[in-house]
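Peer 1: Residue strings, one per chain:
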Amino acid sequence: MNPLCPWVERLIARSAARDEEIRWGWARRHMERCPECARAAKDFRTIRDGLASALDAPEPSEAFVANMWAAIDAPGALAGGHAAPGRRPAMSALGWAGAVAVAATAGLVVVHSLRREPILPGATPTREVRIARDAGQPDTPVNRQAAAESPDRRGALPRTARDTARPGSDGDRKASKRDTAAERAAIQRMLRQRQRLASGKAAPKTEPAAGRPAASATSDASDQSAAAVSWAELGYYYEAQSDVSNAAYAYRQAWREQGGAAAAFAAGRTSEAAGDILSAVECFAEILDDANGARSSGDGAWIMDSRGIGVS
Amino acid sequence: MEAAMTSDCATVTDETLARSAANGDRLAYSALVERYRKLAFSTAYAMLGNRDDAEDVAQEAFVRAYRALPDFDPRRPWGAWIMSIVRNLCRDAIRRRAVRLAFATGHAEPGSHEPSADGHTPESTLIAAERLTELRRAVADLPDHLRAPIVLHYAYGRTYREIASDLGLPESTVVGRLAAAMRRLRRQFAAEASS
Chain C
1 MNPLCPWVER LIARSAARDE EIRWGWARRH MERCPECARA AKDFRTIRDG
51 LASALDAPEP SEAFVANMWA AIDAPGALAG GHAAPGRRPA MSALGWAGAV
101 AVAATAGLVV VHSLRREPIL PGATPTREVR IARDAGQPDT PVNRQAAAES
151 PDRRGALPRT ARDTARPGSD GDRKASKRDT AAERAAIQRM LRQRQRLASG
201 KAAPKTEPAA GRPAASATSD ASDQSAAAVS WAELGYYYEA QSDVSNAAYA
251 YRQAWREQGG AAAAFAAGRT SEAAGDILSA VECFAEILDD ANGARSSGDG
301 AWIMDSRGIG VS
Chain Z
313 MEAAMTSDCA TVTDETLARS AANGDRLAYS ALVERYRKLA FSTAYAMLGN
363 RDDAEDVAQE AFVRAYRALP DFDPRRPWGA WIMSIVRNLC RDAIRRRAVR
413 LAFATGHAEP GSHEPSADGH TPESTLIAAE RLTELRRAVA DLPDHLRAPI
463 VLHYAYGRTY REIASDLGLP ESTVVGRLAA AMRRLRRQFA AEASS
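Residue numbers (this note's numbering), protein chains in the order written: chain C, 1 to 312; chain Z, 313 to 507.
With the rest of the complex left out, here is chain C (with noise of 0.2 Å):
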């Protein structure tokens, strides 16, 4: 068979579905030399023919209009709009099985919404979110913490089993549990470091001297500010617990303080994710603004990573 074949019987079976000849000529020259096409033009016109000869073509009773009357006014017929009397079986053990099950699942999916509460702007914020909030209001550009640590921003929160793991698997859910805490010890191990460091423990923000070198000068600041679980930090922590409502909340508090497109970027992102349109169009238009010079916000430029946070 020639590999053309089965794309010209197609070609066939399409021209005779709309009643036409096959219009493309490469298609037309191949049945002229494969008899296989050509049986196929043919068995596909016999068909055509005989499908129009074959089909009945039943028209409603003359009673039809009357029957209708007559079910409608029988009495306590297709009340409420159901179907008429007789004409609807009962539902079957597994008809209400299904229903039982169903009625399980959504049950189910119900009781897990009301258990994450999402954050909005006015709304009660969750633990990790009130944590960091009364630890103080970071004020360093994101993730320094984690750039100064490990090359790959990553390492900054604890990476999860759950990347690795099978989702949807036993250990997959083990995972996701063991990491969970894991990573909320990270975030109070951080606020810790951060309170030492508001205590006067660590070496005090210096600008960089002449002729010192730029990265070690950028190494202090990083050292001071990585203590602090930035908001920014916080609404990768929780994008990447999937958490769109708190991230975008934690994204706004980050773009609030320290403004870049980045943030706004980031924000816009996640509201738009979690159902909240007119707050992603707000950070949307931050960013054009930006863009145009009509506003310039943030103390340093911004730029996106591979996994689209803001670093200055």
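Hints were generated in silico from the structure; no laboratory data involved.
Note that the Cβ used here is the ideal one computed from N, Cα and C, for glycine as well.
Any given hint could turn out to be false.
The calculated SDA-like cross-link candidates involving lysine to any residue, where the alpha carbons are at most 20 Å apart (straight line), are [claimed, not checked]:
no., chain 1, residue 1, chain 2, residue 2
1, C, 42, Z, 441
2, C, 42, Z, 496
3, Z, 350, C, 65
4, Z, 350, C, 71
5, C, 42, Z, 350
6, C, 42, Z, 492
7, C, 42, Z, 444
8, Z, 350, C, 69
9, Z, 350, C, 70
10, Z, 350, C, 63
11, Z, 350, C, 56
12, C, 42, Z, 499
13, C, 42, Z, 502
14, Z, 350, C, 59
15, Z, 350, C, 265
16, Z, 350, C, 66
17, Z, 350, C, 52
Chain Z stretches covered by chain C per the calculated footprint, using a threshold of three residues with CB under 8 Å from any CB of chain C [as the list claims (entries may be wrong)]:
no., region
18, 325 to 336
19, 343 to 349
20, 366 to 375
21, 461 to 475
22, 489 to 499
With the hints as your guide, set chain Z onto chain C.
Peer 2: Structure of chain Z alone, referenced to chain C:
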């Protein structure tokens, strides 16, 4: 009197008739049913493949529509509304598996394909009577979504655009399903010929 009112109804839009029917004008609703009963029936027949079930479903659709007239939004086309009720009822019927396919029996519906005055049709010279029965049976064996456009197009002569509107599908999908049905019928015939 009634005839005069019915002829008056011929110039009135569906939506106006529906509004009148919602206010209790039975004649207006009868005129609406008269406009759409054939279309509703043919669509139900194409989807279900059984005349009795098609009539029941079409009737039920009009009864439901009558009961739901107070909720009907006259800004929407009434024809599309009634056809969506028909389609939903057909799907319901297919799901309940309460449909017997008359096609499967191989019996033609009464009154169809009578020989012409000269004793034969042009098709009969091409395909023998048994081949027609086989073809009818093959169409009955098609999946519902492939059978409906075939029946509407070849039995009722509906255009692709009309079929798309009847079945609530894009026109390209209708052509694709027709082509798929043709290919399946050809394969089936080839298999029968070889066996």
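Peer 1: Verify the coverage statement for the region 325 to 336 of chain Z against chain C, using a C-beta to C-beta distance below 8 Å and requiring 3 or more qualifying residues.
Peer 2: Our answer is that it is violated, as 0 residues pass the Cβ test (under 8 Å) against chain C, missing three.
Peer 1: Are the Cα positions of residue 350 (chain Z) and residue 63 (chain C) separated by 20 Å at most?
Peer 2: holds (13 Å)
Peer 1: Are the Cα atoms of residue 350 (chain Z) and residue 69 (chain C) separated by 20 Å or less?
Peer 2: holds (17 Å)
Peer 1: Run the distance test for residue 42 (chain C) versus residue 444 (chain Z): straight-line Cα separation, threshold 20 Å.
Peer 2: holds (16 Å)
Peer 1: Against the 20 Å threshold, does the CA-CA distance of residue 350 (chain Z) and residue 70 (chain C) hold or violate the hint?
Peer 2: holds (19 Å)
Peer 1: Please verify whether residue 350 (chain Z) and residue 265 (chain C) have alpha carbons no more than 20 Å apart.
Peer 2: violated (57 Å)
Peer 1: Is residue 350 (chain Z) within 20 Å of residue 65 (chain C), Cα to Cα?
Peer 2: Since the Cα atoms of residue 350 (chain Z) and residue 65 (chain C) sit roughly 11 Å apart, the hinted pair holds (cutoff 20 Å).
Peer 1: When you check the alpha-carbon spacing of residue 42 (chain C) and residue 496 (chain Z), does it fall within 20 Å?
Peer 2: Measuring from Cα to Cα gives roughly 15 Å; hence the hint holds.
Peer 1: Are the Cα positions of residue 42 (chain C) and residue 350 (chain Z) separated by 20 Å at most?
Peer 2: violated (34 Å)
Peer 1: If you draw a straight line from the CA of residue 42 (chain C) to the CA of residue 499 (chain Z), is it 20 Å or shorter?
Peer 2: holds (13 Å)
Peer 1: Hint check: residue 42 (chain C) vs residue 502 (chain Z), CA-CA at most 20 Å. Holds or violated?
Peer 2: holds (13 Å)
Peer 1: Compare the distance between the alpha carbons of residue 350 (chain Z) and residue 59 (chain C) with 20 Å, and conclude whether the hinted pair is satisfied.
Peer 2: Distance ~6 Å between residue 350 (chain Z) and residue 59 (chain C) Cα, so the pair holds.
The structure fails to meet hints 5, 15 and 18 from the earlier list, while all remaining hints are met.
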